[in-house]
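Please work from the sequences and hints to get the whole structure.
Note that the protein sequences, when read in sequence, are chains A and B. If you're matching positions, the first sequence starts at 1 in this note's numbering and goes up one per residue. If you're matching positions, the second sequence starts at 1 in this note's numbering and goes up one per residue.
The hints are simulated quantities; they were obtained by calculation from the structure and are not laboratory data. Careful: at least some of the hints might be erroneous.
What the hints assert, rightly or not - To give an idea of the chain A side of the interface with chain B (calculated C-beta under 8 Å), a few residues: (1) Ala7; (2) Val9; (3) Leu10; (4) Leu11; (5) Arg12; (6) Asp32; (7) Ser38; (8) Ser40; (9) Glu51; (10) Ser56; (11) Ser71; (12) Ser75.
Unchecked claim - Derived CB-CB ranges, DEER-like: (13) A:Asp32 - B:Gly42: 38 to 44 Å; (14) B:Gly27 - A:Gln26: 44 to 50 Å; (15) B:Glu57 - A:Ala89: 14 to 20 Å; (16) A:Gly42 - B:Leu41: 34 to 40 Å; (17) A:Ala87 - B:Ala89: 33 to 39 Å; (18) B:Arg49 - A:Lys52: 33 to 39 Å.
Beta carbons are placed, not taken as given, at the ideal position from N, Cα and C, and that holds for glycine.
Number of protein chains: 2
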Amino acid sequence: MVKEVEALVLLREELGDVLRGARRAQGRTLRDISGTASVSLGYLSEIERGEKEASSELLSAVCEALEVPMSAVLSRVAERVELAEQASAPVALPVGGRRTDVVSAA
Amino acid sequence: MVKEVEALVLLREELGDVLRGARRAQGRTLRDISGTASVSLGYLSEIERGEKEASSELLSAVCEALEVPMSAVLSRVAERVELAEQASAPVALPVGGRRTDVVSAA
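Following this line, the structure appears as structure tokens:
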């Protein structure tokens, strides 16, 4: 089966990369962001490494600490997930066959 | 303080709305999606209502059951979060002052 060799694209891993990238682009430390967002440093570090799921409240607090709109973070995550999907898509799946239309209607 | 009257935009609420919208646009039931995704019906219902956080694995399974790329769901969520941010933004905050550039660099 083709499905079994597909790598699962995980939201927490892409989200962690984007949050860490945003923090590093600002030259800020985990300690700075964790203090500003009132999140434990260890938990924030696990989030950035994609090892823990970020709650919606935590994501909101971290985005605020980074002074970045959550929508911008999510857009960047969506772009990265799309690239990962393309990289892991089985050859048999036509790109045009994906039902993106039903999401737009939501 | 302006901040205290801002409504917090929560990822799980926007994500729940998008997942429910995608399911309804396909005319499918909670039972159908929960069965296909191997998720309990009650849990899926709570996800759709924005009452529970979806794990990355669950989100992946639900998107697969819906036959919708996760990236399309996340793009739609990002759009909705952006609209909610605009609606809840305090007047004092200039739109141009938001640091979207640091996210793009991630």
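Against the structure, the hints come out as follows:
| no. | hint | in the structure |
| --- | --- | --- |
| 1 | Ala7 | violated (11 Å) |
| 2 | Val9 | holds (6 Å) |
| 3 | Leu10 | holds (4 Å) |
| 4 | Leu11 | holds (4 Å) |
| 5 | Arg12 | holds (5 Å) |
| 6 | Asp32 | violated (14 Å) |
| 7 | Ser38 | violated (14 Å) |
| 8 | Ser40 | violated (18 Å) |
| 9 | Glu51 | violated (11 Å) |
| 10 | Ser56 | holds (4 Å) |
| 11 | Ser71 | holds (4 Å) |
| 12 | Ser75 | holds (4 Å) |
| 13 | A:Asp32 - B:Gly42: 38 to 44 Å | holds (40 Å) |
| 14 | B:Gly27 - A:Gln26: 44 to 50 Å | holds (46 Å) |
| 15 | B:Glu57 - A:Ala89: 14 to 20 Å | holds (19 Å) |
| 16 | A:Gly42 - B:Leu41: 34 to 40 Å | holds (35 Å) |
| 17 | A:Ala87 - B:Ala89: 33 to 39 Å | holds (36 Å) |
| 18 | B:Arg49 - A:Lys52: 33 to 39 Å | violated (23 Å) |
In summary, the structure is inconsistent with hints 1, 6, 7, 8, 9 and 18 from the numbered list given earlier, while agreeing with the others.
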